[in-house]
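Asker: Chains P and H are the protein sequences, given in the same order.
Mapping the first sequence onto full-length UniProt numbering, position 89 (from 1) lands on 89, and the numbers just tick up by one.
Mapping the second sequence onto full-length UniProt numbering, position 245 (from 1) lands on 245, and the numbers just tick up by one.
There may be inaccurate statements among the hints.
Just the calculated beta-carbon pair ranges, DEER-fashion [stated by the list, open to error]:
| no. | chain 1 | residue 1 | chain 2 | residue 2 | range |
| --- | --- | --- | --- | --- | --- |
| 1 | H | Arg105 | P | Ala57 | 44 to 54 Å |
| 2 | P | Ala391 | H | Thr282 | 51 to 61 Å |
| 3 | P | Asp344 | H | Ile274 | 36 to 46 Å |
| 4 | H | Ser54 | P | Glu225 | 28 to 38 Å |
In case anyone wonders, no lab produced these hints; they're calculated from the structure.
Built from N, CA and C at the ideal position, the CB exists for glycine as well.
The primary structure of each chain is shown beneath.
There are 2 protein chains.
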Amino acid sequence: MTHSLRPEARGFSPAAPRPSTALLTDQYELTMVQAALRSGAAHRRCVFEVFARSLPAGRRYGVVAGTGRLLEGLADFRFGGPELDFLADHRIVDDATVDFLREYRFSGSIHGYAEGEVFFPHSPVLRVEASFAEATLLETFVLSVLNHDSAIASASSRMTVAAGERPCVEMGSRRTQEHSAVAAARAAVITGFSATSNLEAGRRWGLPTLGTAAHAFTLLHDSEEQAFAAQVEAFGAGTSLLVDTYDVEAAVHRAVEIAGPELGAVRLDSGDLIEQAHQVRTLLDSLGNTETRIIVTSDLDEYAIARLQSAPVDSYGVGTQLVTGSGAPTASMVYKLVERTDDDGVPVPVAKAAVGKTSVGGVKHPVRTYGTDHVAQAEVVGIGRAPTFEADGHRELMVPLVVDGEIRAEHTGAEGVERARRRHRASVDELPATATSLQDGEPVLPTIFS
Amino acid sequence: MTHSLRPEARGFSPAAPRPSTALLTDQYELTMVQAALRSGAAHRRCVFEVFARSLPAGRRYGVVAGTGRLLEGLADFRFGGPELDFLADHRIVDDATVDFLREYRFSGSIHGYAEGEVFFPHSPVLRVEASFAEATLLETFVLSVLNHDSAIASASSRMTVAAGERPCVEMGSRRTQEHSAVAAARAAVITGFSATSNLEAGRRWGLPTLGTAAHAFTLLHDSEEQAFAAQVEAFGAGTSLLVDTYDVEAAVHRAVEIAGPELGAVRLDSGDLIEQAHQVRTLLDSLGNTETRIIVTSDLDEYAIARLQSAPVDSYGVGTQLVTGSGAPTASMVYKLVERTDDDGVPVPVAKAAVGKTSVGGVKHPVRTYGTDHVAQAEVVGIGRAPTFEADGHRELMVPLVVDGEIRAEHTGAEGVERARRRHRASVDELPATATSLQDGEPVLPTIFS
Numbered sequence: 001m002t003h004s005l006r007p008e009a010r011g012f013s014p015a016a017p018r019p020s021t022a023l024l025t026d027q028y029e030l031t032m033v034q035a036a037l038r039s040g041a042a043h044r045r046c047v048f049e050v051f052a053r054s055l056p057a058g059r060r061y062g063v064v065a066g067t068g069r070l071l072e073g074l075a076d077f078r079f080g081g082p083e084l085d086f087l088a089d090h091r092i093v094d095d096a097t098v099d100f101l102r103e104y105r106f107s108g109s110i111h112g113y114a115e116g117e118v119f120f121p122h123s124p125v126l127r128v129e130a131s132f133a134e135a136t137l138l139e140t141f142v143l144s145v146l147n148h149d150s151a152i153a154s155a156s157s158r159m160t161v162a163a164g165e166r167p168c169v170e171m172g173s174r175r176t177q178e179h180s181a182v183a184a185a186r187a188a189v190i191t192g193f194s195a196t197s198n199l200e201a202g203r204r205w206g207l208p209t210l211g212t213a214a215h216a217f218t219l220l221h222d223s224e225e226q227a228f229a230a231q232v233e234a235f236g237a238g239t240s241l242l243v244d245t246y247d248v249e250a251a252v253h254r255a256v257e258i259a260g261p262e263l264g265a266v267r268l269d270s271g272d273l274i275e276q277a278h279q280v281r282t283l284l285d286s287l288g289n290t291e292t293r294i295i296v297t298s299d300l301d302e303y304a305i306a307r308l309q310s311a312p313v314d315s316y317g318v319g320t321q322l323v324t325g326s327g328a329p330t331a332s333m334v335y336k337l338v339e340r341t342d343d344d345g346v347p348v349p350v351a352k353a354a355v356g357k358t359s360v361g362g363v364k365h366p367v368r369t370y371g372t373d374h375v376a377q378a379e380v381v382g383i384g385r386a387p388t389f390e391a392d393g394h395r396e397l398m399v400p401l402v403v404d405g406e407i408r409a410e411h412t413g414a415e416g417v418e419r420a421r422r423r424h425r426a427s428v429d430e431l432p433a434t435a436t437s438l439q440d441g442e443p444v445l446p447t448i449f450s
Numbered sequence: 001m002t003h004s005l006r007p008e009a010r011g012f013s014p015a016a017p018r019p020s021t022a023l024l025t026d027q028y029e030l031t032m033v034q035a036a037l038r039s040g041a042a043h044r045r046c047v048f049e050v051f052a053r054s055l056p057a058g059r060r061y062g063v064v065a066g067t068g069r070l071l072e073g074l075a076d077f078r079f080g081g082p083e084l085d086f087l088a089d090h091r092i093v094d095d096a097t098v099d100f101l102r103e104y105r106f107s108g109s110i111h112g113y114a115e116g117e118v119f120f121p122h123s124p125v126l127r128v129e130a131s132f133a134e135a136t137l138l139e140t141f142v143l144s145v146l147n148h149d150s151a152i153a154s155a156s157s158r159m160t161v162a163a164g165e166r167p168c169v170e171m172g173s174r175r176t177q178e179h180s181a182v183a184a185a186r187a188a189v190i191t192g193f194s195a196t197s198n199l200e201a202g203r204r205w206g207l208p209t210l211g212t213a214a215h216a217f218t219l220l221h222d223s224e225e226q227a228f229a230a231q232v233e234a235f236g237a238g239t240s241l242l243v244d245t246y247d248v249e250a251a252v253h254r255a256v257e258i259a260g261p262e263l264g265a266v267r268l269d270s271g272d273l274i275e276q277a278h279q280v281r282t283l284l285d286s287l288g289n290t291e292t293r294i295i296v297t298s299d300l301d302e303y304a305i306a307r308l309q310s311a312p313v314d315s316y317g318v319g320t321q322l323v324t325g326s327g328a329p330t331a332s333m334v335y336k337l338v339e340r341t342d343d344d345g346v347p348v349p350v351a352k353a354a355v356g357k358t359s360v361g362g363v364k365h366p367v368r369t370y371g372t373d374h375v376a377q378a379e380v381v382g383i384g385r386a387p388t389f390e391a392d393g394h395r396e397l398m399v400p401l402v403v404d405g406e407i408r409a410e411h412t413g414a415e416g417v418e419r420a421r422r423r424h425r426a427s428v429d430e431l432p433a434t435a436t437s438l439q440d441g442e443p444v445l446p447t448i449f450s
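Excised from the complex, chain P in its bound form (with noise of 0.2 Å):
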């Protein structure tokens, strides 16, 4: 029931048709543009930035996702005759807006942190660069996306760390809106899962998909022999039997009966998950199917993936934790503006001053910095500038995702996710070990302003 990236899904392959993602936005973006075309501000240039200004309580790490995401939506950000017709219609732009509105094309830069990059307070993760009117439109889609799909990454991080070797398979769609699940199946193939059960999401991005059966496959038929006989017979004995229905330990004696010494897998959905693996396994060597895999699936997070790593599971299927992200089903990230130009063209630092929220004004470049060991030690964030260093033992992490409007398509479609999952891997193995400890504690890094 699985396949492997697929050569011939690498390139973006949306669906055809592609409906606009103009209107997936904040009514107050639109009527900014009026107001600053109006007052002739529209066409400053501007520097707005993407960051957090914390992790979820007692994370170590968060994982930037969505950028593919992102990228793929952004060249679908058109307003065409439904977009346009609705503004004007209901009067929520005048008509001079409408006509900026329907010449709209993303003509700035686009730098961030690469996909699957981890992040810490106040990263800059992405900076949007272009005129004020430009840049704002794309707010609210840019947070949505990067703040759903980062929370989902952030999460699942985690389980595949505490999964270890063992492989970890997403099957949330149902426990998220429906087009979420899409999303969060990309998130977490990036972050370490081997495959998803959901399948918009494999046709989109050829991430590797996954499914048998379920408990009313079981029920349909007039016995649990008969159901299990069906699925043998249409998808051979390497399938998984869930053997949770009626009775586990009669379900395995009936599966390695039909199935045989090739039984490829039996899944446990309910229970104390611990003590029926070690009973399952017990009985499925005594039978002689030391082959057969168990895989567990039932309302699993980080924690209950790490105490079940002393049990003889061989897979997890992870569901409702994932996509709610554990605890944290948003990302919290803001997009500000940081410097603009005045009227003479001179760019100018910009920050809110009032109490609370606070940020800090001008250009951010980040730099992650090594020790001798190669393990990660901070985020050092130049204002206005680069940091400058001695010597090596450091990292720009701004890589460049959109360049005078031209997207790089290299971090879109399959390629894109295939990329995110390398660079995920090798940044979360740099970092101090702390990171991977399911403790709660302070972000492994510090960001330090420079």
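We have chain P; now place chain H onto it with these hints.
Answerer: What follows is chain H alone, placed relative to chain P:
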């Protein structure tokens, strides 16, 4: 900036082009169909039911939402060329199954709680009757829609209850996936939110939309004065000005100077909102702007709204906590086979029997009962047949949504939202007074199987 429910938007008017929803599903739904087509059981008549085993801890009631979206998506649940090519090329299912899927149209019936209705643990909120193959294919999509939208509605209903007569505005798009944002806006309006910032939700269902400006608009200009003047120039004195970019007191003075006594509103987005609201109200009144409203918008949830009720606030903008379900981002609903025919066409009730996660077999008939004071008393659920009562004081909860493949259009589009909004208000009004307490407690109605 607002517009009310628009008559021309009644009747569902989705974005053209409309992509297929058929791959927004778990692979095992399709592999089960393949195995059941082989075993011959695919055509057995089945009844699946959707229910939640529990409410999130402490919650007094849940709210059914997503029904209209579910029916809209069902109309697009078709396997076309791109979907079938994907399934065939990657051998996810065999040719016979691909042929079956090519012709797939849901021809069964769906009944459920009317959208907006309140529910309790084990309330059978949806019933799908069709062949196994037809009904099982819908499982993931049905659950994705209902679990997400019901989670949001269950949280947002508490917010409007806490806000009483003060309007709540949904503005959480940036903190959830871009398509979840559209669905969340709809769920919020169903539960009494007066408007949303999300434009696609406005376009799709005729929801009132709203928005003016962010801090970036102020920072873009050379001074707060210029920014306020630009906004008033574009939208008139009735606009709402964001007054916490620099110094709130100075900003309020400036706003009144520029917009005059007609200034519509000022918005506070940071700091101690209760204290600031009092100060700003006093200041506005002293300047003669007694009609200028105060809007607050900083990380509000139902508890923050309740605390702010004693402050001179006119409306609430709610974001993160709304779109993440205020601590409960999924409604935990499941889709379970409860009855299927045998080889003679005789219906047989079925249920999983293993430890934990048990469910009750047989078709459920839910009725809400009332006391002589017209206050709801219990959810009485007949198994296999409707419960009978000697007197009045009860209401059947199931309404037809799809009859023999025909979608009841009144539940979709803007009309569906308006009906759900009315239903929600009426259902909450019938509940015992403790329902609207924010104190943690048990569900306000017991679910009694009869």
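Asker: Which earlier hints turn out false for this structure, listed by number in ascending order?
Answerer: Result: no hint breaks.
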